[in-house]
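Residue strings, one per chain:
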Amino acid sequence: MLFNSLAYLIFFPVIVLVYFLIPWHRVRNGMLLVASYYFYMRWDPRFIVLMIGVTLVSYFCGLLVSISQKEEAEHVEKDLRRTGNAKIYTTVTIVAMLLVLGWFKYANFLTGNLVSLMRLIGVELAIPKLNVALPVGISFFTFQAMGYVIDVYRGTTEVEKNFFRFALFVSFFPQLVAGPIERSGHLLQQFKDKHTFDSRRVLKGLMLMVWGFFIKMVLADRIAIIVDQVFNYYTSYQGTILMLGAGLFSFQIYCDFNGYSLIAIGSAQVLGFDLIQNFEQPYLARTVADFWRRWHMSLTNWFRDYIYFPLGGSRVAKWKKYRNIMIVFLISGLWHGADWTYVIWGGMNGLMQVIGDIINPARKKLLAKLHVNENSFGHRLVQTFLTYVYVTIAWVFFRATSVKSAVDIIVGSVKTLNPWVLFDGTIYNLGLNQMDFWAMVISLLVLLAVDILHENKIQIRESIMGQPLPVRWAIVYAALFMILIFGIYGPGYDAASFIYFQF
Amino acid sequence: MGKVLKALFKVVMFLLIFVILFYMIWCILLFKQEDGTLPMRHFYDLPEGSVDVLFLGTSHMGMNLSTDILWNKYGIAGYKCWGSVQPIWNTYYYLKECLKYQRPKVIVLDVHSATFGYVYPDFVIQIKNTIGMRLSQNKIDAIMASSPKEQWGNLLIGLPVFHSRYNELNETDFEYFPWNRHQNITVLVNQNSEQVFPFDIIDKDQSSGVEPLHEKEEKYFRAILDLCQEENIPLELVACPYQIGEFEQKRYRRIKQIVSEEYEGIGFTDFNEVYMDYDIDTHTDYLDPGHFNKWGVPKYTAAIEQVLTAKYDLPDHRLDENHVWNKVKKTKASPVYEMDYKFYGDGKRNYVDTGMKLLDNIMDSWTILADFTVPPFDAEDRVILSCYDETPDHYQGVMVNIDEYGKLAVMFSSFEDIKTDILEENSRVQLAIVKNDRRIDVYFNGEFLGTHRADNLAQYSGPLLVGCQQNENGYFFRFSEPIVYDLQVFDTVLTETDIKSWEPRNLPEPPEKEYLSDEEIASGQLYTMDYSFSGDGQERYIDTGVKLYEEQDASWTLLSQIDPRIDAGDTVYFSAFVEDMNNYRGLLVRRLDEGKLNISYGQNKQIVVDIPVETPSVLAIVKETFYYTIYLNGEVIVDGEISPCDVHDLNLLIGCQVTMEDNLFRFSGTKIYNLEIIKGIMSPEDIAAWKPDPQPEAPKPIPSDVEYHLENSFAGNGKNFCIDTGIQLYDVADKNWSLHLVINYDKTGRGTALSCFAEDPANYRGLLVRQIDETNYNLTLGSAITNLTVGWDPVIIIDILKEEYHYTVYMNGEKKFETDAATKSWDGNLIIGSERLLNGSFFRYSNQKVRKLEVTASIPDEAEILQKCSEEYITDYFIK
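One line per chain: the protein sequences are E and W, in this order.
Heads up: the first sequence begins at 115 in our numbering, then just goes up one per residue.
Heads up: the second sequence begins at 6 in our numbering, then just goes up one per residue.
So that you can see chain E by itself, here it is in the shape it has in the complex:
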């Protein structure tokens, strides 16, 4: 089930109503678990087996790790030899999760590369392509489960003995499909608390959902029309149009992903749960490193805690630190998709952080010599713009279907100088007519304004809540109807066919 579907619009209010009408806490969790499984099964009921499998493995491994650690503790007390079982169970979990991911997500990528590699040395391999569908949310819930067991192993979270509660942690429907990737220490505990109906919280949650729907349906899906046109037919366009397509993709993916995250966080908030923030005005970042502190924060933190720090983090020799950064970002690229384009995308992001770190002292010296105030608005603006440009170039690899097409798009966008296409009506032939195009531009300006307000620590929802009721409602109605009218949703119809009368 997608958030922006009619089914969710029915599903969610029903769940909320039932949830708060049930007086018993345990039953509420049970209901949420059933609802989450139903939510997942609406996409493909077969994969619920996978979900339960992942849950079972991580649940029991978590338990075993906990038991082993207690044994270990006793051994330490009794000065006996350590068993090392906890490590084994943790490893089993990691391997199991990676196998699941590998099978569903990377099998074809790996075999495809193997075949290509062998062909280079003259060996023809005939490995049939696996015809498996990628289960929705697999990257998220496997990481979440894996994180839990590692946390138990590290002792940073308590083991969860209640299977159903743990199952709910793995499958909690708001963040099941596209995150945020929750941490057991944060979310699991919340399932133990009873959540009462708090109208203020519910309202705030609903507002967040509305904003999420707005940027997903009005912005992301509208921008996608132009982006798809430009990227799918990039050979037909030159210069400014390619630049526009690339530039807009940065916003499409931000609006799409952030919109989805906000709906997830808002949905959870309505039910009384607090999910971690996933985006923090990423395009106001001044460096690529800063961008990654603001972009898909739950994943970045996951990689930081479970890969970057174990590798030594930044408290190692410089070259090791850079190695660690590159490893994390190459894996991050691969996590996003099983293709070299994603690997390059990840690599570019890592590389720029390394370069940024290397040249930082020189940059600072230069600025000091030139008497440039680093905190001046102009300098910050230039930094923000350059970061956006670089991130956008990297995004081209993320969006393009092949490395070659990504390179063609980047080269094509600077090879020809044709800014007049912005004024001669060409931009209205990219899938959006004039009105839709300007609806997109205005919505983007709204998004930018909201991000700037958030950056300045202005809580918009709090401000709205502080308004008199008619103003409050007017804002909500306006947002709702903006989505209902200007959102990209529903079945398309061929307007031309209405004007023909057939037999």
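Hints should not be assumed to be uniformly reliable.
As the list claims (entries may be wrong) - Short, incomplete list of chain W residues facing chain E, as computed with Cβ under 7 angstroms: (1) A12; (2) L164; (3) Y171.
Said to hold, decoys possible - List of simulated lysine-lysine pairs, DSBU-like, C-alpha gap at most 35 angstroms: (4) W:K11 to E:K571; (5) W:K255 to W:K101; (6) E:K308 to W:K15.
Claimed, not checked - Footprint (simulated), chain W over chain E, 3 or more residues, beta carbon under 8 angstroms: (7) 546–553; (8) 593–600.
Simulated from the structure, these hints should not be mistaken for lab results.
All values reported here derive from a predicted model rather than from experimental measurement.
Using N, Cα and C, we set each Cβ at its ideal position, and we do this for glycine too.
Model the placement of chain W on the given structure of chain E, informed by the hints.
Structure of chain W alone, referenced to chain E:
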């Protein structure tokens, strides 16, 4: 508890406002298709009990039947609840929904949709046949029957389907709020189309046997039959005639079988088998293979009416003032034509064109109500109203006039009329003519006078005129002198009661003719000549840029001061005239012989008048809509002649005309001292007072400098070498110059020595000096071509003298010839050794050897020329 209730109240209020806003937006964005959606939505607005006959089906019902005609002609209250390509399950649910609000006396179903044979139609068909229904169980059932599961929610809510219509909203979209009522009889779709699609309907015996109906279609077809029987409402099945296929024939047979064998009292008329009985012509009455045009719709409607009235006793609701369509009709713009002012015929030019093409469709029904005086019997013409075809051997239509005995006659042809008794001259009478299909009833002073069966009436596309007639060429004639106090035309059949109760309106007097005030004359200037025009008969003209005939009924005044003396060229003063031999029209003023002025105006009208031969004349032309008044030297020479002509977009040109192919011609040597064009009509007094001084002469264009001296001798290579001197000999056509050319003679030489020539196929002109053979040079001077035979001298010395358009040519100091050759100007340079195309490229490179070339603006005398020649002989013969 209080808090909870307060919160609950807030939630309810929030949702309530949301639902209201949602519904308003839903109403705005909802599709407003004239098929499917609107017929259903409008149905809800009808008061209970207002529909006697409910028509159901596809476009075959919706587009081919006119419930307007049923109402206007027969008073049958019928409503079409239809949709194009409407699947029969949608028809079933439309019927169920309709029966919740109305209880018709009979239901007519076009069974075309029972022959489609599909499970789900295209998505747009699903949309328009469900989306107009109110939210109800029927709508839910209709959607479930119409669409696959994944579309149910979208169709039920609607907004997901049509929310993106924000791009295409118009005024109509804001007329569908719950408080708006749409109670028109029906929505018209293409019923006035004049498109013709001829075809033949296959013979009913072309196929045999029956074809079973598709399972789903049969299920709903039977459901309709069962529902009607349950509700005890008579059902009539029809199949509209169209370009039918064999399988459809077989399915119609199956329908006939089901109806006759399993149901009682349900009629089925397959018009594909009997269409000819109803005068339906497949070669003229269709706009496409399945739908009637404006000539077919009334015929099919009449056929349906016959089927209905033969079996059912349907009341005539036209007399029921409370019936919704009577109310709606009264609030609608009916009558369709009303005269604005009283009309006073002057027997000369006054008339009114109502624009009502009454006989454009012979099946149309209408009513004319008129209140007028009987014109004098001794008047030459006594036409009051006419919509009458004057094509020879085809005299027919409707005309009201007074015959030679003083009887009022409503004429339908040369030998068909309805007459009154002898009337009194100038008596005031009222006349009503009611056309109902082919029946025409005439009422005189509120009493029935007679009826006429217009079987011979043929289509005529002319308008209804008051006070005159129109001949076969479109000219108005037989201007009469009635006074018409009121005239109204209705597109409906008015009842006798309506006619008896008609009270003519007291119309205002026609407005006085309004002349322009001085300020308006000053501000309404469309064109004023700044300088006198003096044509050269070659190229000189002025394009005023004023389009006098862009609008057919434009009014303007043209004032001109023209000189009768013409020295050169043609004799056109000014023109905005289309030279179409089939339709000469516009304005053309030109002189014929000395002292004769010819003025053509409007459509094919002209006058020839005498003008003084020595002194300028003032000519004023006033066009008031279609009427022309022309003044010459203060005297009226044309007094309000009517001459409407087809519009054209030619500018008024001074000194020439333009051909059909847009080429200028008839460049004239006319002189015009003043010309003004003013929007509107100037009074005769103002025109008489218009005696301006002649405008000054236009400053002559300044000719460019022609001084040129060839520095070194030129020897052409015949391939790619020439010299562009940079001077222009014809930038002003009548400029003066002299040219001294010395050529080293070569008997084998050929080609162009000098050129300043326009390679313009429409008008070759300029200067060319070319060697054409051993002994001959060919000279083009302006437009005159002459040969110059040379001897065997080693040099040829040519002197060309040009004074305005007069050329004198010397060779070797000896005068050879003189010629006059006026041409238009040409802005090309003088070239040595080649010629130049219009696009600027050089061609015809020659091997001529030009030893000397001098061009100067002064004109030498013979002695000077001789002197120069003798100097040439002294110098060396060889090229330096």
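Hint check:
no., hint, verdict
1, A12, "6 angstroms, holds"
2, L164, "6 angstroms, holds"
3, Y171, "5 angstroms, holds"
4, W:K11 to E:K571, "33 angstroms, holds"
5, W:K255 to W:K101, "28 angstroms, holds"
6, E:K308 to W:K15, "25 angstroms, holds"
7, 546–553, "holds (count 3)"
8, 593–600, "holds (count 5)"
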